[in-house]
Amino acid sequence: MNESILSLRGVVAGYGAGDILKGVDLEVEAGSVTCLIGPNGAGKSTVLKVVSGLLRPREGTVVYKGEPVERRTARDRLLRGIVHVPQDRSLFPAMTVWDNLLMGGYALRDKREVRRRVDAAAEVFPICRERAHEHAGSLSGGEQKQVELARTLVLDPSIVLLDEPSIGLDPRSRARVFESIRAMAAQGRTVLLVEQNARSGLAASDWGAVLETGVVRLVDRGADLLTNPEVARLYLGGDRPALPTSGETAGADAVLTPAPSHPKETP
Amino acid sequence: MHALIQGIILGILTAGVYALMASGQTLIFGIMKVVNLAQGAMVIFAAYLSYQLFASFGLDPFLAIPITTVVMFALGVAVEWCFLRPLRREDKAELSLLVTFAVALLLEGVMTVVWSTSVRSINTSYANSSWTIAGYQITLVRLWAFLLSLVALGVLYFILQRTGFGRAVRASVQNPESARLLGVRSEAISALGFGLGSATAAAAGSVYGLLYPFNSGSHYDLISRLLSIVLLGGLGSIGGAVIGAVIVSLSSAIVAATISPVWSEMTFFVVLLLVLIIRPRGLFGVASRGAI
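Read top to bottom, the protein sequences are chains A and B.
Position one of the first sequence corresponds to residue 100 (the numbering used here), numbered consecutively onward.
Position one of the second sequence corresponds to residue 8 (the numbering used here), numbered consecutively onward.
If you are wondering where the hints come from, they were derived from the structure by calculation, not from laboratory data.
We treat Cβ as the ideally placed atom computed from N, Cα and C, and that holds for glycine.
Treat the hints with caution; some may be incorrect.
Here are the in silico distance ranges between beta carbons for each label pair [said to hold, decoys possible]: (1) B:Val77 with A:Asp209: 49 to 59 Å; (2) A:Arg215 with B:Ile166: 21 to 31 Å; (3) B:Val121 with A:Val162: 54 to 64 Å; (4) B:Leu102 with A:Asp323: 46 to 56 Å; (5) A:Arg208 with B:Arg169: 46 to 56 Å; (6) A:Ala274 with B:Val277: 55 to 65 Å; (7) B:Gly224 with A:Gly267: 34 to 44 Å; (8) B:Val269 with A:Arg208: 53 to 63 Å; (9) A:Glu233 with B:Ile284: 29 to 39 Å; (10) A:Asp209 with B:Leu104: 36 to 46 Å; (11) B:Ser137 with A:Arg215: 48 to 58 Å.
Input sequences plus hints: build the corresponding full structure.
Written out as C-alpha cells, the structure is:
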C-alpha cells in the first residue's frame with residue numbers, strides 16, 4: 100500500500116451504552132477506492148460516521164493527512180476535505196436541484212468560487228443543469244444519486260465517504276454511480292465506500308476490507324477479495340454457510356477467519 | 008349582502024396580521040420542532056414596547072417596528088440560548104412545550120410588573136380614520152396593518168428563499184443530518200431561526216396594539232388563535248399559516264357580520280376541528296422532512 104491518507108487505530112464507538120466498533124484498525128491509501136464489506140450490523144456505516152465526525156469515538160484515533168481529527172467537529176473535517184454522503188437520500192427534497200448544489204458550497208466563504216464549482220459539477224453531471232429548477236425530491240433514485248455526487252464535487256473533497264451509493268438503484272444507474280466513483284479516484288480523490296452489493300463494490304475498488312462484529316478482519320486488493328473463497332462464500336453469493344446450529348448465530352456474528360500470514364491483514 | 012362583503016373585507020385585512028404572527032410560530036416549529044407557546048406573549052410584549060415608545064417619545068407604532076424588531080430578535084435568540092438549547096434532543100419536543108409556556112408566564116409577569124394589568128391601547132391620530140369605497144368602510148389602520156404584514160411576509164419569504172441563511176434553514180428543516188454534513192451549524196440556525204420567528208412578533212405587536220386594547224393577560228387568547236391557525240394550515244408550513252389565517256379570519260368576520268359576533272369567536276375552532284378530522288396534519292402540514 101502506498102501513502103495512507105486516513106488511519107483508524109483502535110477505534111471504539113457506538114450509540115448509547117453499546118459499542119458497535121470494538122477496535123477498528125484501517126489504513127486507507129491516498130487516491131484509492133476502498134470498499135468496506137461485511138454483514139448487517141458489523142459497523143460499516145459507523146466507521147464512516149466516525150471519520151466524518153457525526154459520531155465521536157470512545158477510544159482510538161482517526162488520523163487524516165497525518166493529523167489526529169477525532170476531536171474535531173464535522174464542519175471542521177468538512178473544511179479539511181472529508182465529505183460524507185450518507186446512506187439515506189441526502190438531498191433536500193423540497194429544494195431545487197440547483198439550490199441543492201449551492202448547499203454543497205455552504206461552508207465555503209468565497210461565493211464566486213462556489214458558483215464556479217457548481218458550474219463545473221454541472222458539466223460533469225448534466226442532469227443538474229437539465230433539471231436545475233425542479234425539486235430534488237421529484238427526481239428518480241438514480242438521478243438523485245447523480246445530484247448527490249455532483250454536490251460532493253462542489254466541496255472539492257480529498258476523501259469521499261460513500262454509504263451504500265448503489266442501494267435502491269436500477270442496474271444502469273448503479274453502473275453510472277460506480278463509473279463516477281472511478282472517475283473521482285482518477286482525479287486523485289480518495290473514496291471510502293460502504294457497499295452491501297459486495298461484488299460490485301469490490302469490483303470498483305482498489306482495496307477491500309471485511310468488517311465483522313466491529314472489527315476489521317481482513318484487508319486485501321479488491322480483485323483478490325473477489326476470488327477469496329471464504330469471502331465469496333460469505334458475502335458474494337457463493338456457497339452459503341451452513342445454517343447455525345443451536346447456540347450459534349449467523350449474520351452479524353458470522354466470523355471470517357483471516358489467514359494468519361496474510362500480507363495485507365491489518366495489525 | 009352588504010354585511011357579507013363588509014365581513015369579507017374585514018376578514019382579509021385581519022388575516023394579514025394573523026398570518027404574520029403565525030408565520031413566526033410555524034417557522035420556529037419548522038426549524039426546531041418546537042411549538043412556541045410564548046409567541047402570543049412575545050406579540051403582546053412587542054405591543055407594550057410599541058405602546059411605550061409612542062407614549063414616551065411620540066414614535067409612531069409603524070416607525071417603531073425596526074427598533075422592536077431588533078429587541079424581539081435578541082429576545083428570541085436569548086430564549087433559545089438560555090432555555091431551549093440545554094434540553095436534550097430526545098426530550099426537546101415535549102419539554103419545549105413546558106419551557107415556552109414558562110417563558111410566556113415569565114413575560115406576562117414582567118409585563119404586569121412594568122405596565123400593570125390595566126388595559127392599554129395605542130391611540131394614534133389616525134386610529135379612527137377610515138375610507139369609504141363603494142359604500143364599504145375600510146379602516147385605515149387595518150389597511151396599513153395588512154400592507155405592513157404583506158411586506159413583512161415578503162421579507163421573510165425573501166430571507167428564506169434567496170439568502171444563504173434561508174437556504175441553510177430550509178436544508179436543516181428537510182434533512183438535518185445532511186445539512187450538518189455540509190457544514191451547517193444546526194445550533195446557530197436554531198438560535199437565528201428562533202430569533203427570526205420572534206422578530207415577526209415585533210411588527211405583529213405594533214399592529215396588534217393599534218387594532219386592539221390589550222393587557223398582560225391578552226396572550227392567552229392570542230396563542231389559542233395562533234395555534235389554531237398553524238394547526239389548520241399545518242405545523243411547519245408558512246404558506247399553510249397564511250391560508251390558515253385567511254380561513255380563520257374570514258370565517259370569523261363573515262359569521263360576525265351575517266349571524267352574530269357571539270358565534271364568530273367559536274367559528275374558527277369549528278373549522279379547525281373539521282379540517283383536523285378530515286386531514287389530521289392540517290392543510291399543508293409537513294412530515295419530518297418537509298418544507299417550510
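Here is how each hint holds up against the structure:
Checked against the hint of 49 to 59 Å, the pair valine 77 of chain B and aspartate 209 of chain A fails, with Cβ atoms roughly 30 Å apart. As the Cβ distance of arginine 215 of chain A to isoleucine 166 of chain B is approximately 25 Å, the hint placing it in 21 to 31 Å holds. Here the CB-CB span from valine 121 of chain B to valine 162 of chain A is close to 58 Å, well matched to the stated 54 to 64 Å. Against the hinted window of 46 to 56 Å, the Cβ-Cβ separation of leucine 102 of chain B and aspartate 323 of chain A comes to about 54 Å, which satisfies the hint.
A hinted range of 46 to 56 Å is violated for the C-beta pair arginine 208 of chain A and arginine 169 of chain B, which are about 19 Å apart. Between alanine 274 of chain A and valine 277 of chain B the beta carbon distance is about 57 Å. The supplied range of 55 to 65 Å therefore holds. Separated by about 55 Å at the C-beta atoms, glycine 224 of chain B and glycine 267 of chain A break the suggested range of 34 to 44 Å. At roughly 60 Å, the beta carbons of valine 269 of chain B and arginine 208 of chain A sit within the given window of 53 to 63 Å.
Our hint of 29 to 39 Å for glutamate 233 of chain A and isoleucine 284 of chain B holds, since their Cβ atoms are close to 34 Å apart. For the hinted restraint 36 to 46 Å between aspartate 209 of chain A and leucine 104 of chain B, the CB-CB distance of approximately 42 Å keeps it satisfied. The beta-carbon spacing between serine 137 of chain B and arginine 215 of chain A, approximately 56 Å, falls within the hinted interval of 48 to 58 Å.
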